Amino acid sequence: GNSVTQMEGPVTLSEEAFLTINCTYTATGYPSLFWYVQYPGEGLQLLLKATKADDKGSNKGFEATYRKETTSFHLEKGSVQVSDSAVYFCALSDYGGSQGNLIFGKGTKLSVKP
Amino acid sequence: ETGVTQTPRHLVMGMTNKKSLKCEQHLGHNAMYWYKQSAKKPLELMFVYNFKEQTENNSVPSRFSPECPNSSHLFLHLHTLQPEDSALYLCASSQDPGTSVDNEQFFGPGTRLTVL
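Listed in order, the protein sequences are those of chains A and B. The numbering of the first sequence is the numbering used here, which starts it at 7 and goes up by one. The numbering of the second sequence is the numbering used here, which starts it at 82 and goes up by one.
If we strip away everything but chain B, and leave its shape as in the complex, we get (with noise of 0.2 angstroms):
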């Protein structure tokens, strides 16, 4: 595997499930991200880990919750969302925010969720 891969890439959940999104880089990099994209909305950052560590959290509701075990490995628990939470869940990563002048994502190819 090459690059960033997300699993799965499309999920069905009823608003009393509990599920969870997995993402996987292989790069090297030090900074983790999601993002949810919503038909006619830009782009939203939800959460930043680096080097592990959450550094940002972009007001999201708890029904989210993120997991960042290690520098590789980025998780979004999912647990009684609603139905507009439905959209498509792009996780990205970059080497090192903290420094980096250009600080270029790589991206993942997205988990398209829906909520019944």
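One chain only, chain A, in its complex shape (with noise of 0.2 angstroms):
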């Protein structure tokens, strides 16, 4: 079935880092592809996403481009900030399979250091 793996986390980095969280998937067909990030003590939000191959996705200085052929859609920014600590979801819409939901990874935890 369809599946998503990123990177295990915690994640540690001084402002101003690079940073790069991997995620790969498996799936038929043609999903679309998300990073949800999660504030502490807050839901998930959407931060950006790509619904085709070699689509890339950006938001808040967040990029991530949709591989099909190494199936990946690795997060990077290239300056990192405090406030960017946070938990990161990689996911893929299951638009094949039960009514489009959504299929995650299990996240990954940045904390960035001033």
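Please note that the accuracy of each hint is not assured.
Quick partial rundown of chain A residues pointing at chain B, CB under 8 angstroms, derived from the structure [said to hold, decoys possible]:
hint, residue
1, E48
2, G49
3, L50
4, Q51
5, L52
6, K55
7, F95
8, N107
9, L108
10, F110
11, G111
12, K112
Derived from the structure by calculation, the hints contain no laboratory data. All figures in this text were calculated on a predicted structure; none of them were measured in a lab. Every residue gets a Cβ at the ideal spot worked out from N, C-alpha and C, and that includes glycine.
Two chains, two frames, a set of hints: combine them into the complex.
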């Protein structure tokens, strides 16, 4: 079945460091791909998305490119801030499956130190 | 109110209590979801409602009983829970998973449930 694998955390970085959080997926068909972010004490918020191969999603300085050849959707940011500390979830839209539900990775906790 | 709201934000209950979680979406969406988020486990989809009809029950124990009286409101009724049911319960909504290409889901802040 469809699945998402993302790198284990936690990830600890200094402010202004470069961030990469790896995400790979297994899917039949052509799913849409998402990154959600969960700040402490809050629900999940959509960070960015890509709906087809080679699309690049971007928001708040974060980017991810839908790579069909490597089945990947890695999240990157050139210079992280303390306010980016949160848990990041990679997800795919199981559109070909049951009612277009989302399948989430386990989440990667990011801590950014001043 | 905008977006997706959930009440209460925190709930502590004993194993013999009956309580309900409430979710309301102000986005005009047609689909609503309950998720369970436990420490160190992936986000677990529990129930899906589409146009008020339950379209998915992910093998959830009967001590969790959902109710969707209309497209804007979703409840989760809790009865004789176990301590392992302690978790963050998240509600989400989306436009229409049956036809939406990307099925973007909008989440509420969650209810932190503790079962004693």
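Structure-based check of all given hints:
For the restraint placing E48 (chain A) at the interface with chain B, the shortest Cβ-Cβ distance is roughly 5 angstroms, inside the 8 angstroms limit, so the hint holds. Taking 8 angstroms as the C-beta cut-off, the interface hint given for G49 (chain A) holds, the closest approach to chain B being about 4 angstroms. Taken as an interface hint, L50 (chain A) checks out: its beta carbon lies about 4 angstroms from the nearest beta carbon of chain B, inside 8 angstroms. Because the smallest distance between the Cβ of Q51 (chain A) and any Cβ of chain B comes to about 7 angstroms, under 8 angstroms, the interface hint for this residue holds.
A distance limit of 8 angstroms between C-beta atoms decides the matter here; for L52 (chain A) the minimum to chain B is near 6 angstroms, and the interface restraint holds. Of the supplied interface hints, the one on K55 (chain A) holds, with its beta-carbon coming within about 6 angstroms of a beta-carbon of chain B, less than 8 angstroms. Below 8 angstroms, beta-carbon pairs count as interface contacts, and F95 (chain A) has one with chain B at about 7 angstroms; its hint therefore holds. Nearest Cβ of chain B to the Cβ of N107 (chain A): about 6 angstroms, under the 8 angstroms cut. The hint holds.
For L108 (chain A), the shortest C-beta to C-beta distance to chain B is roughly 6 angstroms, which falls under 8 angstroms, so the interface hint holds. With a least beta-carbon distance of about 4 angstroms to chain B, the hint placing F110 (chain A) at the interface is held under the 8 angstroms criterion. Given the 8 angstroms rule on beta carbons, the hint for G111 (chain A) holds: about 7 angstroms separates it from the nearest Cβ of chain B. Using the Cβ-Cβ criterion of 8 angstroms, the hint placing K112 (chain A) at the interface with chain B is satisfied: the shortest such distance is roughly 5 angstroms.
This entry satisfies every hint, going by the numbered hints stated previously.
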